[in-house]
Amino acid sequence: MLLIENLSVSYGAVQALKDVSLEVPHGHVTAVIGANGAGKSTLMRTLAGLTKPQSGQVTFNGEVISGRKPEDIVRMGIALVPEGRSTIPELTVEDNLKLGGMWRSHAQRNASLSRAYSLFPVLGERKSMRADTLSGGERQQLAIGRALMTGPQVLLLDEPSLGLAPLIVTQILELVARMAWDSGLAVLLVEQNATVALRIARTGVVLNLGEVVKSGPAAEIASDEELRHAYLGY
Amino acid sequence: MSLLTDVKNMSNAQKLRTFPGNRIVWHAVIVGVVWLLLLLLNNNIDPLYSSYLALVAMYATAMFGMTILVGLSGQVSLGNGALMAVGGYVFALTSMNWQTVPIFGWEWNAVWSMVFAGLGGILIGGIVGGLAARLKGPYLAGLTLGLAVGVPAITNRFPELLGGENGLMLTVPYPAGGYAASEIAAGTESGAETSDPNSDAGSDTGAAAGEDQYAELDLSEFDQGVDASTDPNATLASEDLLTEGDLLTLDDFSNGGDLGLESADPVVEPSVDPSVDAGVDTGVDPSGITDSFDGGFIIEQWQASMAIAVACLVAFAALNLIRGRQGRVWKAVRDDPIAAAVVGISPSGSKVSAFVVSSLFAALAGAVFAQILSFVGPGAFGLGLSLSLLVGIVLGGRSSLLGAILGALIIVWLPELVNGLSGERGWPDQITNNAPNLLYGLLVVAVVLAAPGGITGTVRSWIDRARGKSRSPLS
Amino acid sequence: MTNFIDFLLGGFSSGAVIALMALALVMVWRSTRMVNFAQVGQAMFTTYIALTVQQSTGNWLLALAVAMVAGLILGIVVFFLVIRPVKNSDTTGAIIATFGVLIALQAGAGMIWGGDPEGFIPPVSNAGLEFAGRIWPVSLYDILVWIVTAALVIGLTLLFTKTSLGLSMRASAFNPEVARLSGVRVNRMLITGWAIAGATGAVGGVLIAPVSTISPNSFDILLVFAFTAAVIGGLDSLIGAVTFGIGTGLVISLVSGYTDASNAPVVALALLALNLLLKPDGVFSHHGSRSV
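Residue numbers (our numbering), protein chains in the order written: chain A, 1 to 234; chain B, 1001 to 1475; chain C, 2001 to 2292.
Just so you know, these hints were derived from the structure itself, not from any lab. Just so you know, not all the hints are guaranteed correct.
As the list claims (entries may be wrong) - If the Cβ cut is set under 7 Å, some of the chain A residues that face chain C in the computed set are: (1) M76; (2) I88; (3) G136; (4) R178.
Said to hold, decoys possible - List time: in silico SDA-like cross-link candidates among lysine to any residue, alpha-carbon distance up to 25 Å: (5) A/K52 with A/D224; (6) A/K127 with C/W2146; (7) C/K2162 with A/H28; (8) A/K69 with C/S2218; (9) A/K52 with C/R2188.
Backbone N, C-alpha and C define an ideal beta-carbon position, used for all residues, glycine too.
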């Protein structure tokens, strides 16, 4: 289980995260929702090791991971799919996938590769094409596939819906939810699109100006009119 | 000395902020005072130091352009040595070949050659700058590196015009003394023509015949001196040339035209061999001339005052540009070209203008260098020269004119320091010759890593810290 | 026509060396987005080391191997002492720092080995081969240069396209953040890039030394040629570096043959300017045009 305790992050004078605490349990999707600038991406980048926390700590199965390098954190089993379909356009689809988990054994990598192709059949069809020939939705699948190649126990998904058609968003997120359920993956999903996120999540966390204003069962948060008006703007 | 006055002018800068309208007047006053002080200094020091002063002023002139190009506009150029070559060669060619053509009724003289050198610099700078404005960091550095290597090679393409490897020797049109020297060189044939005592100092160059003789001399003897300046110790080599040049005591140039020229005739040897004594100056054997004139024209002092004049004029122009609107435009484009474009500044226009200005300064410095050496050649303007300009500006401080002056001092002084040490300790040549460059290289790396603002930037950030302000070392 | 063929054949060896230097520049560019203007300085230094080894042992292969190892080490040293600390500061500073390294290396070499040009004895004959009743402008040594260059290029291609290390290096070059998030130790990849570049440049230096001479400044012009080739090739492309490296060698050989060797730098400058004007990103680049 990924445990976040009193995490604070600041960029110079700007306090991006303030005393954030939350748990990401295995087998479920935990959704962090909030408006632009709420600190969602900062949270994800800090968990992945791209940003250093000011105070507080993050532990994974009892081991402190905050302050470590991203390449070490991913090797411990926490994979981030960053915002904006983070594939490497110059590489082929297969090379993009192979990049994930380069430190793992050949057998593990091959198993992960065939699993990625079975989860996302379209990637298998285009494996020798350059990533920049893919559509937006396909590239998001590739980005998630690359993260899965690292054999993660925790998957951090940053705004996967950005710029994608609603139908594709639903498909991808349902797939993620099923994966969490099937293989005991802990998923932390950050979304601006609260409706979709809360539909597949078990727990919802509302972030506003770097602070957790509410956390609880996703259904409860989804139905809280006041919360929606105040922080989610719809 | 110049450091002191510039510190003074830094405090003036504070006042300027309250009287922006008087800025140009203030700059003129500052530069004028510095100029006067430097002239005073020049007239009261040993000619050897005058020759150093001339070199410092020449380097500073070129480095003012580097301040604008590298510091303010953020374009790393290794081509400014090549742009100096443009100025040097234009100066040499115009002063050698066209001197008998009056322009707008003016007889040809050094000032006209300088003007043409400057125009040449602007032209080439515009072309290179137009290309450069499209390029970012390393591409630009590479292109200008090509320029530094390629332009001196062009001289081999036109050996008749540009003298090839051997370069061109020029007769420096020394005011008054210059025409006396020419007359001496030309022997008796042109003597009558030039001995017009009413002519103004410096504007009369009637001694065409004599000067042409020099232009056509084959200077194979010169080779060695030139090759020495190919290596990055250009300063050392040129100083050697300078100090070998002895004193040429013809006449104090400030005395103008009232030379007792007729008295020169009997003592001068009619045939002069310019290859003697590394061929610096005009090849005149100074023996016996000295006592013919009252006063005394010291060539190093003349060189220094000429170089100082150019440096001060260029500094005045640079000061007004940097502290005016254009300086802010350059910095804005350097720091954020997109934001600058959004507020209506053309980033490429700004980059081109920085290139043109720095090229103009470089060409003027090149013309001064040509007069100091009495010579232009591919070796004197090689990659070593370009690199030393970059080294100087980085060590002194990339973004300030004072930094350029300090850089010029370092470039001239460090090899002398090493030479002195070497003389005391008896180091082998191999060490002595390379020590300055090793120091330059290591210092440049150290400065970039530890104090990117160079000397001036670092001192300024100390001052600011003492006053409780914070500022980027490069602003 | 025979002239043309002769000049062309004569250009392949220098083209091969330019290609190696361009490859070194490209590898550094790919790993740290930086042009290492000290690259030929490093190659000059390691060539002097090779010269020393050859003079004392007479073994050319050993000299080559020592130069490669020295190039590897020098690449790592320059990376750690200069590039890593400067990386986050301004790009202007980074460029200037590499020139600082170049100046220091040249002066250092001058101190150790003196400034006079020295000859480097080739391991095989440098005389033109006789074949079909005439002497061709190709020597046994030229053939050796081709073989070594081809072996190195093929080896590097396999490394980059077929191995995990190569994939990690490419990914680190294209997108360091994604590479790190995938578990690649990007910093090690950057060092590896600098090290391989250093070794590649060292091979280039040892190969060219017997054809020209070696002195602290003798490789300056090679820097211009290699930079030209690398830029025309797109700075990012290994294939581009090799293709245009050889191409530059051929053009220079033709220009030198038909006119005069002193025109070569001017031609390189013209090629570079033309390319930067028409296609600033190079012929083989994948990327769009740079914005302001």
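Does the CB of A/R178 sit less than 7 Å away from some CB of chain C?
23 Å, violated
Q: Let me know if the C-beta of A/G136 comes in closer than 7 Å to any C-beta of chain C, holds or violated.
A: 17 Å, violated
Self-check item: Restraint status (C-alpha distance of A/K127 to C/W2146 at most 25 Å)
Solution: 36 Å, violated
*asked:* Holds or violated: A/K52 and A/D224, Cα atoms, limit 25 Å.
replied: Violated: A/K52 and A/D224 sit about 34 Å apart, past 25 Å.
Q.
Check the hint pairing A/K52 with C/R2188 against an upper bound of 25 Å on the C-alpha distance.
A. Answer holds: A/K52 to C/R2188 is near 21 Å, not above 25 Å.
- Task: Please work out if A/K69 and C/S2218 have their alpha carbons no farther apart than 25 Å.
- Result: 44 Å, violated
- Item | Pairwise hint evaluation, A/H28 against C/K2162, where the allowed Cα distance is 25 Å at most | Not satisfied, since the Cα-Cα distance of roughly 38 Å exceeds 25 Å.
Legend entry - Per-residue hint verdict: A/I88, partner chain C, C-beta under 7 Å: The hint holds - A/I88 has a Cβ within 7 Å of chain C, the shortest such distance being about 5 Å.
For the hint on A/M76, just tell me whether its beta-carbon gets within less than 7 Å of chain C.
Violated - the Cβ of A/M76 stays beyond 7 Å from chain C, reaching only about 10 Å at its closest.
Hint check: violations occur at hints 1, 3, 4, 5, 6, 7, 8; the rest are consistent with the structure.
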